[in-house]
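A.B. asks: Okay, here's what each chain looks like letter by letter:
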Amino acid sequence: MMGERMDSFIHYASLFLFAAGSFFVITGALGLLRFPDFYTRMHASGVTDTLGADLILWGMILQADGDWLLIAKLLIIMLFLMFTSPVSTHSIAHAAWVGGLNPLLGKDLKHSDIAPDRDETKSAPEAQSADGQHEGGTE
Amino acid sequence: MVKFLISIAGRFIVLSLALMVIWLLLSGYFDKTTLLVFGVFSALLCAWLTLHMGILDDDSVPLSVMPGIFFYWLWLFIEIGKSNFIVAMQVWSPKMSLSPQMIRVKAHQISDSGKATYANSITLTPGTVSVDLLGEDILIHALTEDLADVSAIEDMGRKVCRVESTMHPNLKTKAKEGGGA
Amino acid sequence: MMGHLILRVVIKLLFAPILLFGLYVQFHGDYGPGGGFQAGVIFASAFILFALGFGIKETQKRLPPTVLPFFMVFGLLLYALTGVLGLFMGGNFLDYYVLAPDSHHNAGQHIGILLVEFGVGVAVFSAMMTIFYFFAGREPEIHDADW
Amino acid sequence: MIMYVAATIAVIVAIVIALARAILGPSLYDRVLAGNAVGTKTILLLGLMGFLTGRPEFLDIALLYALMNFIATIAILKFFGYRTMSPQMRDISSRLRNGHNDGGADG
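Here the protein sequences line up with chains A, B, C and D, keeping their order.
Read in this note's numbering, the first sequence has 12 at position 12, and its numbers run on one by one without any break.
Read in this note's numbering, the second sequence has 48 at position 48, and its numbers run on one by one without any break.
Read in this note's numbering, the third sequence has 131 at position 131, and its numbers run on one by one without any break.
Read in this note's numbering, the fourth sequence has 38 at position 38, and its numbers run on one by one without any break.
The set of hints was computed from the structure by calculation and includes no laboratory data.
Note that the coordinates shown come from a computational prediction; the quantities given were computed from them, not determined experimentally.
A virtual CB, placed ideally from N, CA and C, is assigned to each residue, including glycine.
Fair warning: there could be bad hints in the mix.
Said to hold, decoys possible - Mimicking DMTMM-like on lysine to aspartate or glutamate, the simulated pairs with C-alpha atoms at most 20 Å apart in a straight line are:
| # | chain 1 | residue 1 | chain 2 | residue 2 |
| --- | --- | --- | --- | --- |
| 1 | B | Lys95 | A | Asp37 |
| 2 | A | Lys107 | B | Asp57 |
| 3 | C | Lys61 | B | Glu145 |
| 4 | A | Lys107 | B | Glu145 |
| 5 | B | Lys32 | C | Asp30 |
| 6 | B | Lys32 | D | Glu57 |
What the hints assert, rightly or not - To list a few chain A residues with every Cβ distance to chain D over 12 Å, as calculated:
| # | residue |
| --- | --- |
| 7 | Met6 |
| 8 | Asp7 |
| 9 | Arg41 |
| 10 | Asp49 |
| 11 | Ala95 |
To be verified - Output of the computed footprint for chain C on chain B, the stretches with three or more beta carbons under 8 Å from beta carbons of chain C:
| # | region |
| --- | --- |
| 12 | 18–27 |
| 13 | 44–58 |
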């Protein structure tokens with residue numbers, strides 16, 4: 001009796017987790033489509049990578065029926081995602097920044113030209129910035 | 001020198017044991033002798049290769065961070081949830097009110113892994129992405145003005161520092177060595 | 001060396017687990033998905049990740065390209081000799097059953113598969129690394145880098 | 001069972017949206033980001049498929065896919081962003097760009 005109630009609780013909890021996870025996954029994808037420039041889209045993709053993925057994985061963990069090996073594997077996937085997804089995002093952002101892609105800043109989303117201010121000493125910012133503009137401004 | 005060797009050996013042993021645990025979790029066959037033997041062999045081989053590639057240091061086996069980091073992760077999960085809601089609201093609102101900002105914060109962490117943890121935590125909370133980590137400076141792109149909250153981000157940095165400083169006392173010396181290089 | 005600190009720290013952290021995952025796929029070939037080929041690729045991918053983070057030169061210093069042909073030959077010979085061993089013991093080429101004919105648990109099959117898969121894994125690993133070295137280790141002075 | 005199907009459909013829809021971003025671009029980095037997002041969703045899809053078909057071996061593949069997604073992203077960025085796989089990326093890439101500006105005629 002107790003176990004049954006527990007089971008149905010777990011069932012509904014995982015249902016909720018799946019629903020919320022799906023919502024956040026779609027939110028992330030929609031943000032990826034709607035946001036105005038690369039740097040803002042990055043944040044939207046972060047929504048999918050963190051909360052969306054984690055909620056769906058937690059839902060799967062609840063559905064794993066106490067199978068410890070399954071839970072361990074799901075936790076390993078979650079941990080792996082937690083380590084790699086910010087690094088991927090950071091690397092893309094860093095490459096865009098170094099490559100001279102300028103972010104839209106401020107409330108009016110106006111184009112800035114601050115991009116590669118990090119290495120005046122090391123390389124030629126003009127060349128990089130020109131290259132980035134050429135790549136970024138096709139549309 | 002002896003101390004150095006002991007620390008290497010300790011890391012080697014801890015890494016091998018951790019890999020063995022991962023093997024058991026992945027494999028799930030606790031009773032097949034051949035697989036257990038292969039597991040021991042594999043864990044030792046991987047640990048040896050890590051040593052051979054020259055990356056068996058405090059970043060690859062962060063012994064010292066271990067107890068504190070779990071509480072930090074719990075806190076981080078809550079933060080991730082909170083900032084996710086803010087970004088999700090921006091996505092679904094018909095008229096987006098974005099005001100992206102670029103801000104700089106200082107990473108006061110001593111070790112590389114501490115700095116990387118801090119930068120990764122910033123990236124993991126949606127709405128702020130660490131674009132660049134150069135020396136002690138982290139350049140952050142934030143989605144809105146509310147999210148570009150320097151004091152909150154620095155608070156996160158202090159938490160990472162605290163996790164880090166509960167670890168070993170010889171970090172200071174390591175920082176001095178690393179500073180010259 | 002500072003520019004990619006985050007990447008390097010995470011690669012350091014994940015290097016050993018990726019290798020272990022490769023070996024897990026290798027040795028569980030007869031219980032789950034996987035086998036020698038996939039394992040070789042995963043094992044090589046750990047080193048490729050290392051090379052992406054730390055540079056080709058550093059990787060080649062630790063895993064010299066000159067040893068890779070030996071691995072390749074070793075893998076292939078392991079495969080071939082296992083097959084020939086079956087031939088010598090009175091079966092067909094790659095006939096594992098004769099390796100341990102009296103076993104009730106198909107021990108011969110297990111041993112044969114393990115050896116062959118191990119050979120495949122080693123060969124694929126070294127082949128992948130060789131390909132990667134050839135592709136990625138090109139001198140940047142070769143000027144068609146932006147095709 | 002129905003929730004797996006629902007979640008699977010949601011993930012597939014998300015993949016389609018992300019693919020639209022990958023096609024629209026406009027910059028290289030947008031495409032890489034979209035590719036990375038598709039990869040993350042594929043991991044979820046693989047896990048869900050495993051549960052849907054009752055074959056948890058899919059989780060191994062999901063783990064593998066997570067690994068490959070990471071490596072692929074880094075490798076693509078390194079190749080296209082810095083134009084080379086060699087160690088001192090920034091120096092070499094700037095040198096390459098400079099060299100290439102005047103050597104562009106023969107290329």
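A.B. asks: Against chain D, does aspartate 49(A) hold up as non-interface, every C-beta pair farther apart than 12 Å?
C.D. replies: Answer for aspartate 49(A): violated, closest chain D Cβ roughly 5 Å.
A.B. asks: Hint check: lysine 32(B) vs aspartate 30(C), CA-CA at most 20 Å. Holds or violated?
C.D. replies: Answer holds: lysine 32(B) to aspartate 30(C) is near 13 Å, not above 20 Å.
A.B. asks: Given the hint that lysine 107(A) pairs with aspartate 57(B), does the C-alpha gap stay at or below 20 Å?
C.D. replies: violated (45 Å)
A.B. asks: Against chain D, does aspartate 7(A) keep a CB gap of more than 12 Å to every residue?
C.D. replies: Holds: least Cβ distance 15 Å, greater than 12 Å.
A.B. asks: Against chain D, does arginine 41(A) hold up as non-interface, every C-beta pair farther apart than 12 Å?
C.D. replies: violated (6 Å)
A.B. asks: If you draw a straight line from the CA of lysine 95(B) to the CA of aspartate 37(A), is it 20 Å or shorter?
C.D. replies: holds (16 Å)
A.B. asks: Can you confirm whether chain C covers the region 18–27 of chain B, using C-beta to C-beta distances below 8 Å and requiring at least three such residues?
C.D. replies: Coverage by chain C holds here, the residue count being 5 at a Cβ distance below 8 Å.
A.B. asks: Could you check that no beta carbon of chain D comes within 12 Å of the beta carbon of methionine 6(A)?
C.D. replies: Fine: 18 Å to the nearest Cβ keeps methionine 6(A) off the interface.
A.B. asks: Does the claim that alanine 95(A) lies outside the interface with chain D hold up, using a Cβ gap greater than 12 Å?
C.D. replies: violated (4 Å)
A.B. asks: Count residues of the region 44–58 of chain B with a Cβ under 8 Å from any Cβ of chain C, then say if the count reaches three.
C.D. replies: holds (count 10)
A.B. asks: Holds or violated: lysine 32(B) and glutamate 57(D), Cα atoms, limit 20 Å.
C.D. replies: holds (19 Å)
A.B. asks: Quick one, are lysine 107(A) and glutamate 145(B) close enough, alpha carbons at most 20 Å?
C.D. replies: holds (9 Å)
Violated hints, listed in ascending order, are 2, 3, 9, 10 and 11; each of the other numbered hints is respected by the structure.
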